[in-house]
Each structure stands twice: as C-alpha cells, then as structure tokens.
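Can you join these two chains into the complex? Each is in its own frame, and there are hints to help.
Line order of the protein sequences matches chains A and B. Position 86 of the first sequence, counted from 1, bears residue number 86 in this note's numbering, the numbering being contiguous throughout. For this note's numbering, count along the second sequence from 1 and bump the result up by 1000.
Calculated directly from the structure, the hints in this document are not laboratory data. Predicted model only: the values in this text are computed from it and were never measured. Watch out, some of these pointers could steer you wrong.
[What the hints assert, rightly or not] Within a straight-line C-alpha distance of at most 27 Å, the following computed DSS-like cross-link-like pairs (lysine-lysine) qualify: (1) A:K336 - A:K278; (2) A:K178 - B:K1027; (3) B:K1177 - B:K1027; (4) A:K278 - A:K340; (5) B:K1177 - B:K1099; (6) B:K1187 - A:K178; (7) A:K13 - A:K485; (8) A:K272 - A:K336; (9) A:K485 - A:K340; (10) B:K1027 - B:K1099; (11) B:K1099 - A:K108; (12) B:K1187 - B:K1027; (13) B:K1027 - B:K1098; (14) B:K1187 - A:K108; (15) B:K1027 - A:K108.
[To be verified] Here are the in silico distance ranges between beta carbons for each label pair: (16) A:M186 - B:Y1208: 31 to 39 Å; (17) A:V317 - B:P1211: 34 to 42 Å; (18) B:L1215 - A:V307: 29 to 37 Å.
Every residue gets a Cβ at the ideal spot worked out from N, C-alpha and C, and that includes glycine.
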Amino acid sequence: MGAHGENYINCEKGIWSWLTTIDHKRIALLYFITIMLFFLMGGLFAILLRLELLTPETLFMSSDVYNRAMTLHGSIMVFMVIVPGVPALLGNFCLPLMIGAKDVAFPKLNLARWYCLIIGAFIAILSLFWGGVDTGWTFYTPYSAKSSDAVTLVVLGAFVMGFSSVLTGVNFIVTIHKLRAPGMTMMRLPLFVWSLYSTAIIQVIATPVLGITLLLLIVERTFNIGIFDASLGGDPVLFQHFFWFYSHPAVYIMILPAMGIISEVVSTFSQKTIFGYKAIAYSSMAIAAVSFVVWGHHMFVSGQSDVAGVLFSVITVLVGVPTAIKLFNWVATMYKARVKLDTPMLYAINFIALFTIGGLTGLFLAAFNVDVHLHDTYFVVAHFHYTMLGGALMGFFAGLFFWFPKMSGRMYDEFLGRVTAIMTFVGFNLTFIPQFIMGSQGMPRRYHTYDGVFSPYHIASTVGSWLVAAGFILAIYILARSFFKGEKAPKDPWGATTLEWTADTPPIHENFLEIPEVTGRPYEYR
Amino acid sequence: MSTVKINRKETHSHHFSSMDQEHEAGKQGVWLFMVTELMMFGGLFVGYFIYRGLHYDAWYEGGSLLDWRLGAFNTLVLLVSSFTMAQAVTDTMQGNNKKALRNVIITTACAFIFLIVKYFEYSGKIHHGLFPGFDLWTYEGQTGENLRLFFVLYFVMTGLHGLHIIIGIGLMFWLIKRLRRDDFNEKYYTSVEGVGLYWHIVDLIWIYLFPLMYLI
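Pulled out of the complex, with its shape left as it was, chain B reads as follows (with noise of 0.2 Å):
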C-alpha cells in the first residue's frame, strides 16, 4: 500500500503501534501456523496408526524393507541442523548477523544432505518395485495388497515432509539474502525466529516418522 519504503530496522508496519507488538504479533502468527502443520500430520498419523492395527503384518514387513541405517544418518543431519538454526536465531537476537549467516548456510548444507539421502532412498525402491503408485508395483512379498498400503503411507508422509524441507531451503535462501544485506538487529529478527520455529518443527515430525517408519 504505502509507496514509502519502510526501514525494517528503526520502524515497524503502518498498522501496528510498536516493534514490539510487531514481533509479538508475528511470532504468534507462525505458532499458530506450527497447530495447523501439526493436525495435518496429526491426521496422516492417526491413518497410520490405525492401518497398523488393521495390517500389524504388513507393517513389520515394510518397516524390515526399509534401511534403518540411512534413516539414522538422516536424523543425526536434521538435529545438526536444528542446532545450527537454533544457533542462528540467537546469533541474530545478539546483533551477530555474519555468525548468523554462517549457521543457516550450514542449515541449508543439512537440508540438501538430507534430500540427496532422500533420493537415493527414493529411487531403491522404486528400482525394487517397491513404489505403489501407477504400474511401478511389481514386489511379492508375503503381505500383498496390504504391504502396498504401507509404502502408500509411506511415500506420502514422507514425501510430504521432503515438500516441506524443499519449502524450508527456499525460506532459507531468503534469510541468506537479507542476512548478507544486513536487515537484523537485537530489536528486529521476528523472520529468523519464524523460519527457525517452522524448522524445528519440520525436524519434530521427522524425529516422528523415523521410529513410526524404519524401526518399529
């Protein structure tokens, strides 16, 4: 609306009355956008829950065809991660914004780890007939139809946690670029907490999946 542009750094939004407010104000906006990711996954949790009852076969099937080893390596990465993002928005709360930078470009190193994992994880299964989508299925196992179902579950929860680690390497990129400007001061950091909050909980769900998927 305003044709002015507004200095992040001294002076909040037209519409609030302090930087206070401002921060606290957004800080709430992506708390309450963390309850709506949680009842997403909430309701891909409880299917598989649920499925597992139904299908307890089926389900000790799949999780022995997936390699537990690479979905370690993929939580250690991810908490690594996170404490470098942690990290990060207490650099910028301190005024720090090149210690800063270089955290969430090792944040941003994780995420990438962590989709190339992803891919090669991907594509073994595929290879194996292991994916259920299309014509691709072409395992035999012991469990039929109901294995099946778990690689659905699988490849959705999963796959949907991999959208939201690419979406979190584009928000990523977008605090490199004004961390580099130097748009962040101990007074101003609400976009490094926010990016940092939807982090964490992106790593809590995988910290989830892994157990659910790999191991029990």
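Bound conformation, chain A alone (with noise of 0.2 Å):
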C-alpha cells in the first residue's frame, strides 16, 4: 500500500491538478468521461435515426435533416469513440501496468494526445452551427467538395484528432519496447499487449495517409481548385483510394484492441491457460499486415478495374485466416473449462457471437460478385454493425467491467451489469438482424423513407434499437456509480495472473513500489 491509503485517485487535488495530470492512469479517467460523453452522443443520433425509420414516410426529419444526423452519428462514433476507445481507455490504463513499468514513454504526449482528442472534436461538432454536414463519415468527393461549408470543419476535426491517433501509437510502441519489466520478454507480454502493439503500427503507418487526404480535400474547397475534380483533371477515385487505404486499416485499429481484451477476459472466466498463446499474438500482427492490402474491396463498384477487384476480393478472404485462428483459440481455451459467467465474461460471449456472424457476412461481401448485389444495402449496414457495435464496442464494454474495479477500487453491481449483458445481446439482435434481411433483398441504405414492404422489418429494428440504448445508459450508469458506491474492490477480484492485478486497487502514482521481476509466462492457471 501506499503510505496513508493514497493511491492515483487521492494524492493529488483539485481540477486542475487532472487537467495537468501526465500520470497514465489519471489520463485514462479523463478518456471514460469523454469518450462515454461522445458513446452517449453518437447513440442519441442512432436513436434518432432509428425512430425516423420506424415508418415508410417522414416521421420528423426531412431527407436533409436526416443525412446530417447520419453523418454525425458516423462520424462521432468512429473518430471518436472506437478509434480511441480501448488503446486510449483502457490501453493507456493498462498498458503500463501489464508491462510493469511506471508510466507510458511519453507521459507529456499522452496528455496531448487527449487534447487533440478534445479539440479536434469540439471543432467537428462545432459544424452543427454551420448547417451541419451530409456527406456521410467517408466525405466521398466530389460531393464532398462541392457541399457545405461545414465539411472542412468536420474534416479539419478529423485531421487534428488524427495526431491523437498518431501520438498514441508512437507512444505505445516504444513504451512496449522499452520499458517492459526485467524479465518481460516479448513471449510473456499478456495478449492484451500483442493487440495493442500490432493496433499502434498500423496507427503509425496508415493515419498519416488519412491526415494527407484530409488535408488535400481541405485545400480543394478552401483555394477553389479540383484535386479530386474530373472536370479539372483530378480523380475522384483516386480520394477513394486514400481514404481507405486508411479506413480499412482502421477497422483494425477499432476491432484488434477489443479481441485482445476477449483473449485475457476468456482466459480469466475459463480459469485456464489461454490455448495457443503464439498463435493469437502472431495472428494479430497478421492481421495489422493483410489489413494494408485489402482497401480496394471498398471500391468493387467504384470503377477500379476488375483485375483489381479480383486481386483485392481474393486477398480479402485471407483476413478469415488470423481471425478464424483467434477464434478457435478463444473456444478451445473455454472447452472443458468452469467458466464463470460474470459481466465481463458475458460480454465476452456476446462478442465472440456476434463477431463472428460479422466476420462471416465480411467474408460474402468480401466476393467480388456477391458484393455488387449487396453494395449500398442494409445488408452491408448490418455486417459492420456485427463488427464494429457487436465486435469492438462489445469488447470495449467486456473490458470496462473487467478493469473498471481496478481503476475505481469499487466493485460494481454485479447482478445489474450480467442484465445489461443480455439486454445489449437480445436488443442488438433485434436490431439488425432483421437489416441482413431486408438489405438481401434490396433495401438501400442511407435513405430516410422507403417501400412499405420493409415496415415490419424496420419497426422490428427500431424496438431492439431501444433494448441496446437502455443496455448500454445502464451499463454506464452502474460503472459510473462505482465509482462512488459499492465494495471495496479486492487487488484480484477474478483471480486473474496478469501484472496489473498484483498492483494496490486502485493503484499507487507509480503503479509498484518496487519493479515487479517477472519470472513466467502469463495466465499460469493451472
């Protein structure tokens, strides 16, 4: 224990003493609230949009209206809540702990990075006084070069949060180089690690290539001149290209994070080694490398040549390979095991559930042919929402219930958190389930009316869209409570063997008395 009690929570006070914190640990909290702000903001739109859709004709929003709510709800929750969410979160929380050192690398920078966060968002959503932006999250040109005013706002917001982006992959790789503990070697990293080391090389590499994008797109409109203009010479496909040469490595960064939080939470509830340690650390690094090879699977109807959409539809399929692999791991690992059925644990199920419906749906629209039929369909909306809300947030929320104890020194509720499980679960279900139907049948997306032949579908969508948000505001609710109320927390509430579990709860300013020496593997279970 730290003298007197005092851990990262108390020994220091005041706001500005968190608005200055360089401490990794304080960083992370200053993460929950926003990030949960900008979770709860981008939901109300999906709310919104949900209700709009409940009937064949304009409920409330008009087709405008519409566009710019799905442009925010895009926007806000890949720019601002899965990209950063776990690396930032829980990663920035965790990392330092699981390696045993004090800090991350670059304390200074892992503030700034939060700043970035902040300022770039705040100058986003600032693009609502502006009328607001209806190009979707993807800012295709030459729409997007031709329509209001707001976009460069929305596109300038993203450029500055991309250096968030940036800061915290530089960070995270040299602090998972450098500063391991004495006898950590790479072979002893906890999983949750591998995903965080693999998610920052690809937030090095493909980031900038979206900054640059961004940024020529920012030239376009403000100098008055056609980079991306057919009629001046430019392509318009050519911004496709950049804009998923980044956007489906991205996918990455928000899924890779979360399958290595399912990695340490399955092991820990099965009470068990992991099955295949090496095979689901490599297979992260796999993944990070195909991911750079597959953009064009975007663009099968965009007018790229059908060589290519051959070559990038047949690599694509190879992404199967790695996550088939961890899938595998993670069902080997609970086989034969007691597995305990606690929150983090049922969140884990629902993930790899769900993710792997999501996975599979990617491997038909990742056919070449296939695709043509099911492009801009609701069939597609479902798949990334398997992946994205079904896989990463899933993840995310199995690895706040996890961690939270551990950050806060409070246990929470925990019959209330094993009922939001289930309620995300059915209500997830609900929701979009009945889009893979509709979307194979033609219905398109993006569209804010539609034939009456798809009313029992949508209304069928729109009821499970409030099962999820209640879910999710509770499951909020209960982390945001103990933090306030509740147990004391225990240093290892799960019985799990990973390094962060042997510090205090919550930890002291410098995480360990002394440097932990590390002598084993992790999740020595039995």
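This is the structure we're talking about:
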C-alpha cells in the first residue's frame, strides 16, 4: 500500500491537477469521461435515426436533417468513440501496469493527445452550427468538395484527432519495446499488449495517409481548386483509394484491441491458460499486415479495374484466416473449462457470437460478384454494425467491466451488469438481423423513406435499438456509480494472473512500490 | 507532475530506470515519428505519380516553367545544412557544446536562406498568374486545367515541406537556447540527435522533390 491509503486518484486534488496530469491512469479516467459523453451523443443520433425509420414515410426528419444526423452518428462513433476507445482508455490504463512500468514512455505526449481529441471533437461538432454535414463519415469527393462549408470543419476536426491517434501509436510502440520490466520478454506479454502493439503499428503507418487526404480535401475546398475533381483533371476515385488506404486498416485499429481484451477475459473466466498463446499473438500481427492490402474491396463498384477487384477480393478472404485462428483459440480455451459467467465474460461471449456473424458476412461482401448485389444495402450496414458494435464495442464493455474495479477501487453491481450484457445482446440481434434480411432483398442504405414492404423489419429494428440503448445507458450508469458507491474491490477480484492485478487497488501514483521481476508466462492457472 | 526541477545532466525522468533507457526510448520515438512523416509525404508522391501518368504533357510544361537553378541552389543549401547538423550531433556527443552551437547556428542560417529563395520563387509564380488558388490563376498554357493541377501539387508539396522547414527553425532556436545553457553532455544529447533526425528527413524529402518538380 502507498502511505496512508494514498492512490493515484487521491494523491493530488483539484480540477487543475486533473487537467495537467501526466499520470497514465488519470489520463485514462479523463478519457473515460470524454469517450462516454461522445458515445452517448453518437448513440442519441442512432436512436433518432432509427425512430425516423419507424414508418415508411417522413416521421419527423426531412431528408437533409436525416443525412446530417447520419453523418454525425458515423463520424462521432468512428473518430471519437471506437478508434480512441480501447487503446486510449483501457490501453492507457493497463499497458504500463501489465508490463511492469511506471508510466508510458512519453507521459506529456500522452496528455497532449487527449487535448488533440478534445480540440478535434470540438471543431467537428462546431459544424452543427454551420448547417451540418451531409456527406456521410467517408467524405467522398466530388460531393464533399461541393456541399456545405461545414465539411471543412468536420474534416479539420478529423485531421486534428488523427494526431491523437498517431501519438497513441508512437507512445505505445516505444513503451512496449523499451519499458518492459526485467524478465518481461515479448513472449511473456499479456495478449492485450500484443493486440495494442499491432494496433499501434497500424496507427503509425496508416493515419498519416488519412491526414494528407483530408488536408488535400481542405485545400481543394479552401482554394477552390480541383484535386479530386474530374472536370479539372483530377480523379475522384483517387480520393477513395487514399481514404480506404487508411480507413480499412482503421477498422482493425478498432477491432484488434477488443480482440486483445477478449483473450484476457476468456482466459481469466475460464480459469485456464489461454489456448494457443503464440498463435493469437502472431495472428494480431498478421491481421495488421494483411489489413494494408485489402482496401480495394470498398470500391468494387467505383470503377476500379476488374483485375484489381478480383485481387482485392482474394486477399480480403485471407483476413478470415488469422481471425478464425483467434476465434477457435478462444473457444478451445473455454472447452472443458469451469467458465464463470460474470459480467465481463458475458460481454466476451457476446463478442464471440456477434463478431463471428460479422466476420462471416464480411466474407460474403468480400466476394466480388456477391458484393455487386449487396453493395450499399442494409446488408452492409448490418455487417459492419456486427463487427463494430457487436465486436469492438462489446469487447470494449467487456474490458470496462473487467478492469473498472482496478480503476475505481470499487465493485459494481454484478447483477445489473449481467442484465445489461443480456439486454444489449438481445436488443442488438433484434436490431440488426432484420437489416440483413432487408438488405439481401434490396433495401438501400442512407434513405430516410422506404417501400412499405420493408416496414415489419424496420419496426423490429427500431424496437431493438431501444433495448440496446437502455442496456448501454444502464451499463454506463452502474460503472459511473461504482466509482462513488459500492464495496471496496480486492486486489484481484477475478483471480486473474497478469501483472496489473498484483498492483494495489486502485494503484498508487507510480503503479508499483518496486518494479516487479517477471519469471514466468502470463495465464499460468494450472 | 513532479515539482522538483530535474537536473537533466545527471538523472533520468521519473518513469525510466536509467539514462540509457530514456535515450533509447526518445530515439525510437523520433524514428517512429519519421515513419509518419514519410507516409504523409508518401501519399502526396503517389498522387504526383498518378497525375503525372495521366497528364504527362502538363507535367512537362509545368516542370519547364520552374527555374532549375534556384532549385539546385536550394538543394545545395540544404545539403550543407544537413552536414552541419550531423556535425552538431557529433559535437554534443563529444561534449563540445560550443562547437555544436556554432554548427546549429549555421544550419539555422541555411534554413533561412532556403526560405528566402522559396519566397522569391513563390512570388514570381504568383506574379505570372501561376498560383492555382482563389482567382489568381491567369496563365494561359498549352495544357490548360491540367497545368493548374501540376501547380496545385507543386504548391501543396513544397508548401508542406516549407512548413516543415519553419518548424525545424523553431526546433533549432530551442536547441540554441539549450546549447547556450550548456544543457547537454556525452551522456545526455537525445534532443540534439532527435532534431538532427528530423532535419535529415526534411532534407531527404527535398532531395526527391527537386528532381521530380524541376528536372524531369
């Protein structure tokens, strides 16, 4: 214990000490507050969109308002919630603790990237007062070069938030290489650290390309010239190439850290050594590598050559291999284990079930010819919600419920926690399974009115969205409440074996009184 | 966080266990940052080559409108600055802050010369109606809109490079301040080495920009 029960939360007082802190654990708490606010905001737009879609005709939004709400929902969820979510919040808190370090390698940059996120988000949300943006989160040219001025603001916001992402990547790679405790070899790293490592590599390599693309778009708009405008000699498809060169790897920025969480949670709650440690670790790296050469599958119908289409189609299917390796290893870990169904494990099972569906439907879409039929339908919408919400965010919440007792020093209401896991699972499937069906029947995405035959599916989908929303709001509520009320958490409430559970709860300012000496592999249960 | 001023010459920051570790971490961080720089400019170079393939005539006309002598002079200036910067790093490693200071000042002077030449180049282009933005484009070439696209890329790429030169000058002033304070020694020279790496990358990008824009 620190002197007189002192820990990282109470070692300094006052709002200023929080805004200028360079302690990675305090910064993680700052992220908790901001990301949860953004999550609620993005979720609010989702609920409004679903409500509008309750009836085939206009209910309360015009097409313009609908397009703006949809753009904001996408931009907020991607750039402000899922991309920073796991690495910046849980990664930031756990990484130094897991490798036995006192902090990340560059604590000041760590704080700077929080401010980058805040400033970028502020600029992007400011666009609401300039009439909003209706391009969708992909900002495709030539439309984005011609539509309202607010596009410049959102794009600038995304550019600034890009710095946040790059700094995270640089910081984590250096931390993992240089700050491991004595005896902590690469093959003794917890799998969450491996997934953060592969995520960081993608962040460092891919994000600058998005940066320059968005910068070119800003230049095109500000100086009134045509970099991506075909009538001025430019090439609009080049924008799509640039954009997806970042944004496809970016979906692995979103999913890889969540996969790392699942590895931790599944092993802990199965009370068993993880099956296939090396296979899981290397498959993270494999996913990171393959992610850079599949971007063309977003452009099967954008006029890229058939040869390119076939090649991208084949390479995309390859992503299924390392992903399946992970899934089989998790299931093998649970096989014949005494699985404890606590809240984090329930969320992890949500992840495994839903992400499998998301991954398999991804294979449909990767098939060149099938995609021509399914492109721009609700099938695509359902597919990426299964990976992003059913995958990334379910993993995120599994991690939150897993590590929050360590962060706050208190236990949350276990019963309500389990209720939220089940609510979100049921609601999620109710929302998105109908979307698979209507998508395959031809319901196009991004329309606010539709043919009456799709009505039953849309009603089911909207009702499901209420259940999801209620589940997540309740989840955030019980987490936030546990910070102030609740039993004191023991050092290791789950019986986990990785290093962060040997620190005090909540940890002291510099994590460990003495830097630990690592002598064995993680997950040594029996 | 800590209120005690750390004497950088003797101790490492609180979260490292040795000065060596801190130096290694700092260096790796700068290298990774260089990767992001290369990827960012890489995007622009890809755009350059794709549009060059599409509009070869315009690229030929555009290149011939640029003055290769000014470009070559600036290349020389940056090469000299790279040499003095590398020398400054060696000097601090040997504990000779005075000599390093002299070399950093020469590097800074070179950076200013580069910018002054660039200023005359830019104003000449704007004067001839070759600035593609706003309503300043009045030039009537043989390749029309495509020539304009060439100058868009010219101004974006050299402009972004120029911005990096300006940031570099800021970093040089920071080094000058610290060198005059005698901050570095044989064991602690991470900042000089980091700025040196940055400066070499900025030079390297120009080494590619010069032939692509002015010569071919």
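Item to check | Which numbered hints fail | outcome: 11
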